[in-house]
Amino acid sequence: MGFDVEKVRADFPILSERINGKPLVYLDSANTSQKPRSVIDAMTSFMEHGYGPTNRSAYHLAAEATDRFEATRTKVARFVNARSASEIVFTKNATEALNLVVRSWGGANLGPGDAVVLTHMEHHANIVPWQMLAAEKGLEIRWVPLTADGLLDTSGLERLLDGAKAFSFTAMSNVLGTINPVADLVAAAHRAGAVAIVDGCQSVPHMPTDVQAWDADFMAFSSHKMVGPSGVGMLWAREEILEAMPPFLGGGNMISDVRTEGFTCAELPAKFEAGTQAIVEVVGLGAAVDYLTAIGMANVRAHEREVTVHALDALKGRFGDDIVIHGSPDPDVRGATVSFAFRDVHPHDVSQVLDQHNVCVRAGHHCAKPLMRLLGANATVRASFYLYNTPAEADVLCDALAEAGDFFCL
Amino acid sequence: MGFDVEKVRADFPILSERINGKPLVYLDSANTSQKPRSVIDAMTSFMEHGYGPTNRSAYHLAAEATDRFEATRTKVARFVNARSASEIVFTKNATEALNLVVRSWGGANLGPGDAVVLTHMEHHANIVPWQMLAAEKGLEIRWVPLTADGLLDTSGLERLLDGAKAFSFTAMSNVLGTINPVADLVAAAHRAGAVAIVDGCQSVPHMPTDVQAWDADFMAFSSHKMVGPSGVGMLWAREEILEAMPPFLGGGNMISDVRTEGFTCAELPAKFEAGTQAIVEVVGLGAAVDYLTAIGMANVRAHEREVTVHALDALKGRFGDDIVIHGSPDPDVRGATVSFAFRDVHPHDVSQVLDQHNVCVRAGHHCAKPLMRLLGANATVRASFYLYNTPAEADVLCDALAEAGDFFCL
Amino acid sequence: MPGLEDLYREIILDHYKNPRNRGVLPPPAVRAEGHNPLCGDEIEVYLQVEDGTVTDVRISGQGCSISQSSASMMSAAVKGKNVEDVRALVSRFKNMMSIEEGEPDTSVSLGDLEALQGVVKFPVRIKCAVLAWNTLAEGLDISLA
Amino acid sequence: MPGLEDLYREIILDHYKNPRNRGVLPPPAVRAEGHNPLCGDEIEVYLQVEDGTVTDVRISGQGCSISQSSASMMSAAVKGKNVEDVRALVSRFKNMMSIEEGEPDTSVSLGDLEALQGVVKFPVRIKCAVLAWNTLAEGLDISLA
Ligand SMILES: Cc1ncc(COP(=O)(O)O)c(C=O)c1O
Ligand SMILES: Cc1ncc(COP(=O)(O)O)c(C=O)c1O
Numbered sequence: 173m174g175f176d177v178e179k180v181r182a183d184f185p186i187l188s189e190r191i192n193g194k195p196l197v198y199l200d201s202a203n204t205s206q207k208p209r210s211v212i213d214a215m216t217s218f219m220e221h222g223y224g225p226t227n228r229s230a231y232h233l234a235a236e237a238t239d240r241f242e243a244t245r246t247k248v249a250r251f252v253n254a255r256s257a258s259e260i261v262f263t264k265n266a267t268e269a270l271n272l273v274v275r276s277w278g279g280a281n282l283g284p285g286d287a288v289v290l291t292h293m294e295h296h297a298n299i300v301p302w303q304m305l306a307a308e309k310g311l312e313i314r315w316v317p318l319t320a321d322g323l324l325d326t327s328g329l330e331r332l333l334d335g336a337k338a339f340s341f342t343a344m345s346n347v348l349g350t351i352n353p354v355a356d357l358v359a360a361a362h363r364a365g366a367v368a369i370v371d372g373c374q375s376v377p378h379m380p381t382d383v384q385a386w387d388a389d390f391m392a393f394s395s396h397k398m399v400g401p402s403g404v405g406m407l408w409a410r411e412e413i414l415e416a417m418p419p420f421l422g423g424g425n426m427i428s429d430v431r432t433e434g435f436t437c438a439e440l441p442a443k444f445e446a447g448t449q450a451i452v453e454v455v456g457l458g459a460a461v462d463y464l465t466a467i468g469m470a471n472v473r474a475h476e477r478e479v480t481v482h483a484l485d486a487l488k489g490r491f492g493d494d495i496v497i498h499g500s501p502d503p504d505v506r507g508a509t510v511s512f513a514f515r516d517v518h519p520h521d522v523s524q525v526l527d528q529h530n531v532c533v534r535a536g537h538h539c540a541k542p543l544m545r546l547l548g549a550n551a552t553v554r555a556s557f558y559l560y561n562t563p564a565e566a567d568v569l570c571d572a573l574a575e576a577g578d579f580f581c582l
Numbered sequence: 173m174g175f176d177v178e179k180v181r182a183d184f185p186i187l188s189e190r191i192n193g194k195p196l197v198y199l200d201s202a203n204t205s206q207k208p209r210s211v212i213d214a215m216t217s218f219m220e221h222g223y224g225p226t227n228r229s230a231y232h233l234a235a236e237a238t239d240r241f242e243a244t245r246t247k248v249a250r251f252v253n254a255r256s257a258s259e260i261v262f263t264k265n266a267t268e269a270l271n272l273v274v275r276s277w278g279g280a281n282l283g284p285g286d287a288v289v290l291t292h293m294e295h296h297a298n299i300v301p302w303q304m305l306a307a308e309k310g311l312e313i314r315w316v317p318l319t320a321d322g323l324l325d326t327s328g329l330e331r332l333l334d335g336a337k338a339f340s341f342t343a344m345s346n347v348l349g350t351i352n353p354v355a356d357l358v359a360a361a362h363r364a365g366a367v368a369i370v371d372g373c374q375s376v377p378h379m380p381t382d383v384q385a386w387d388a389d390f391m392a393f394s395s396h397k398m399v400g401p402s403g404v405g406m407l408w409a410r411e412e413i414l415e416a417m418p419p420f421l422g423g424g425n426m427i428s429d430v431r432t433e434g435f436t437c438a439e440l441p442a443k444f445e446a447g448t449q450a451i452v453e454v455v456g457l458g459a460a461v462d463y464l465t466a467i468g469m470a471n472v473r474a475h476e477r478e479v480t481v482h483a484l485d486a487l488k489g490r491f492g493d494d495i496v497i498h499g500s501p502d503p504d505v506r507g508a509t510v511s512f513a514f515r516d517v518h519p520h521d522v523s524q525v526l527d528q529h530n531v532c533v534r535a536g537h538h539c540a541k542p543l544m545r546l547l548g549a550n551a552t553v554r555a556s557f558y559l560y561n562t563p564a565e566a567d568v569l570c571d572a573l574a575e576a577g578d579f580f581c582l
Numbered sequence: 023m024p025g026l027e028d029l030y031r032e033i034i035l036d037h038y039k040n041p042r043n044r045g046v047l048p049p050p051a052v053r054a055e056g057h058n059p060l061c062g063d064e065i066e067v068y069l070q071v072e073d074g075t076v077t078d079v080r081i082s083g084q085g086c087s088i089s090q091s092s093a094s095m096m097s098a099a100v101k102g103k104n105v106e107d108v109r110a111l112v113s114r115f116k117n118m119m120s121i122e123e124g125e126p127d128t129s130v131s132l133g134d135l136e137a138l139q140g141v142v143k144f145p146v147r148i149k150c151a152v153l154a155w156n157t158l159a160e161g162l163d164i165s166l167a
Numbered sequence: 023m024p025g026l027e028d029l030y031r032e033i034i035l036d037h038y039k040n041p042r043n044r045g046v047l048p049p050p051a052v053r054a055e056g057h058n059p060l061c062g063d064e065i066e067v068y069l070q071v072e073d074g075t076v077t078d079v080r081i082s083g084q085g086c087s088i089s090q091s092s093a094s095m096m097s098a099a100v101k102g103k104n105v106e107d108v109r110a111l112v113s114r115f116k117n118m119m120s121i122e123e124g125e126p127d128t129s130v131s132l133g134d135l136e137a138l139q140g141v142v143k144f145p146v147r148i149k150c151a152v153l154a155w156n157t158l159a160e161g162l163d164i165s166l167a
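Protein chains in written order, with the numbering used here: chain A, 173 to 582; chain B, 173 to 582; chain C, 23 to 167; chain D, 23 to 167.
Hint data in this document are derived by calculation from the structure and do not stem from the laboratory.
There could be a bad hint or two in this list.
Which stretches of chain A does chain C cover? Using the computed rule of at least three CB atoms under 8 Å from a CB of chain C, they are [to be verified]:
id	stretch
1	192-203
2	520-534
For each label pair, taking beta carbons as the anchor points, the in silico distance ranges come out as [to be verified]:
id	chain 1	residue 1	chain 2	residue 2	range
3	B	Thr436	A	Asp516	43 to 51 Å
4	C	Pro24	A	Arg209	50 to 58 Å
5	A	Arg190	D	Glu55	41 to 49 Å
With a straight-line Cα cutoff of 25 Å, these simulated SDA-like cross-link-like pairs (lysine to any residue) come out [stated by the list, open to error]:
id	chain 1	residue 1	chain 2	residue 2
6	C	Lys149	B	His529
7	B	Lys194	C	Gly25
8	D	Lys39	A	Phe580
C-beta: ideal position from N, C-alpha, C; glycine also.
Throw the hints in and build the complete structure from the sequences for me.
Here's what the structure looks like:
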């Protein structure tokens, strides 16, 4: 069960790129992750030898493509411990999955004056769809505040949830790295009679996931953040809920019958999969799930924890009060995403200097502007580590940061 | 300007597959097309050397990924002769593009009693979204009938369009192959004060497209049908219309600002592109557009016309009254999609026998059930040819068909 | 790749060309409707259930040789059987089609229906073979409701 | 790959650390606001326009060194100029940033602003450099409306 980061790195072709003779230090996986050879090969060889339509035609090329496609659904279901494969709906990204929940479930179940609870650390993908529905239907949106350490402040949660119809929250902050107590939050939602929607974008790629243990109702997540292809997202939801929901996008594949007078819906999960799907990408996602499964998500989490501890120590040790690291210093409640402010150097300028060393970090608002306002910043620098990053790369980050300091703060 | 089909075939790796020693005869491109080496390589090499987030991070890997991504937008705009690249919105497939138009434009501009005109040859993707909105808002849907030859019967079009707010129609039937007179239909819509929405899924891959010459308002089309990757679709629309429309999906990238009280939209085209896009797929689509552009869409059309004439002659010549070919016999008003009924053998059984010869055709309703009812059939056999198909493959189809006859009709 | 003869056994083609129990039954017989969205096949099953026995059955609709012959063979197999035995047969048949898990109840005899076993080698056709059976099961539910 | 010194010329860092014309102007001065959704930079430009001349200008907001120094240099360059000349300068600057096409009007002198030319080699930073200028143009539109 040994986790060997060098072996993992060798699986990712892009990590052996040299730019100006220097290695690539990719610290932006919270944004999107790199792809291992097995995922790239699965896509390539499928397009070279096995590409065909899914769930439409009956010849064997098409049947085999369909099998490959549906096999991924089963793998994903197992990966998050869904009850059955038909609880997994493929979307184009997690954003579409969240919009699907808001439009279909929310559209059918929420009305004027109904309250939805979000947290102050949500990604725009879990804010804007609700704001759109709220504007249309006259919903109230309530916000769970944060502690100074960047954890959810659950002291008033019961009050916030009182009378609410839905509680939608991230399992892990994409800015602070905070790991939220999902099972507790779901339980609180259910006690209040609210549906619990989990944004799993940042947690699923980085730690074991068990939607049944959480007892959640919905979870949205993205392939491209979990070493899988771009162009696919996933929604998991309890079958009874999906059954009861109206469809989202209309078109081919999601129907059972269409007449000029109206249509009837297909069974799950086709009901929510209108049109030609991201066939090659779903096949590639299957390889990504295989890859992560073989390594073991507990190992991924353990490795990232180690790198995070090293990174936090190195940054604090070298820069002391010159650096402000947002979020909790406790590695038990945080993932490998580290946002910080460095002296008075603007994040954009920090990132520019880092880029000269091929250190790729994101500088900006990370699609979490309400959180940014809370932090009192327009932007932060965010270094996010993944299974293929090393403690040594955290040191390169520190060296490059030191240079940014020299450059701007002489 | 010579079009050499053997050279084209050599560009598509899957076409040299042998199954049970026999070549693959792929006649299902109206469903989804195969991919040339250049598209596969563009995706693979991008994932191996250049993958990064688009429109978010500032380091050069991300900047170059963004450039690659946006270059495709420019290529697509040129390919359909859009006025500018910001008139091109990437979606997950054409179905999403049509849903976007119906929800955003229709949602904002249509109300109880308003009429929308469709044709009797539409794909479910251009029916079901309208039926969903119609059920919600109380719209009237009117249907343009067909002639016996499978052309649009435009004799009553003016009356149908009278007072209508939108006319949404396919440029080419995915069942009959019928090429509709798009510019005339757009003009008729505009004379009636209706917006003209073109489903370009079947026409864009097979003939030159000029949205300005058509004077259309919207066009939806799909990458996977035009030798490009799965997982990407496109909406073209006039900039003023897109500007005036509310957003569709909410999330990252489509915002300019987000506060707890509400959000403001980003500029075009980001406004309609929520969340992480199909980055690799859009890069691959760029290679697909390059590929088709280099060959020349007029050449593609000319080649397909030739194959179609051969196929129609061969089928009729060999099977006479035993075959009923739906749609027009005139190659000037039809594309390379040939639907037919063969004796009294069920299409599913025909396709099964054909499959024994690796002849891949679709048997079914082709996501056009209202048209099927008009044809008085539950299903048809559909052979659809593309730039990589040959007259000889049409002969293989005939041979296999003869066997199906022997098998079922002794 | 399995050959056509694996799929299209003679008895299947016979039932396809000479379907048994075609037609409709008037109420109080129940009517159940099924369709296969993939290929557009539509089937109607009419069931006359009296004192726990399927006394009559009729099949209408259109479909491919597999769905039609499966329906025809089914109609012949269930006519006169009591509802419990019919349910056991549905279960046994689905088991043969590998879409129902668990050990098959081998005490239930499939008879001619075994000819449909070859369909399993053609996975996309399984839905065709099962369509009539799912519709039958629905008809039973309706008749007992 | 171009080096940091191509981007961060000395005069740019000077304007960043010692921004000119920081602050606000009370009405009737006009106020225009711009932001860069990519990085979250926000800027406010206050303009006092009298008899076709920009008699005063002030800059508020937060941003990176490029957006801040570009704003500062801009404020110094436009103060006292007539509106027509300011517009010409905006156009010349955008031309240098390669986001406006056509031949540059070389009769318009860029002066210190030429130091920002290196930004063109860092395409993602062009938006930073141009933010203040777009906001200025908006302010001019407002003041003349
Ligand atoms: C005419 C037509 N419209 C719409 C579609 C839907 O396209 P997609 O499945 O790529 O969303 C198709 C193809 O399936 C089509 O042929
Ligand atoms: C927490 C969180 N939620 C939602 C999203 C949206 O995911 P996607 O862009 O794949 O739709 C992201 C990533 O961008 C995220 O980090």
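Quiz item: Are Pro24 of chain C and Arg209 of chain A spaced within 50 to 58 Å by their CB atoms?
Solution: 34 Å, violated
Quiz item: Between Lys194 of chain B and Gly25 of chain C, does the CA-CA distance stay at or below 25 Å?
Solution: Since the Cα atoms of Lys194 of chain B and Gly25 of chain C sit roughly 14 Å apart, the hinted pair holds (cutoff 25 Å).
Quiz prompt | Hinted pair Lys149 of chain C and His529 of chain B, Cα distance within 25 Å | solution = Given that 25 Å is the threshold and the Cα spacing comes to 23 Å, the pair holds.
Quiz item: CB of Thr436 of chain B to CB of Asp516 of chain A, is that within 43 to 51 Å?
Solution: 29 Å, violated
Quiz prompt | chain C covers the stretch 520-534 of chain A, three or more CB atoms within 8 Å, holds or violated | solution = Check failed, 0 qualifying residues.
Quiz prompt | Distance restraint evaluation - Arg190 of chain A, Glu55 of chain D, Cβ atoms, bounds 41 to 49 Å | solution = For Glu55 of chain D against Arg190 of chain A, whose Cβ atoms are near 43 Å apart, the range 41 to 49 Å holds.
Quiz prompt | Stated coverage of the stretch 192-203 of chain A by chain C [criterion: 3+ residues, CB within 8 Å] | solution = With 0 residues in contact (Cβ-Cβ under 8 Å with chain C), the coverage given for the stretch 192-203 of chain A is violated.
Self-check item: Distance restraint between Lys39 of chain D and Phe580 of chain A, which requires alpha-carbon spacing of 25 Å or less
Solution: 9 Å, holds
This entry does not satisfy hints 1, 2, 3 and 4, going by the numbered hints stated previously.
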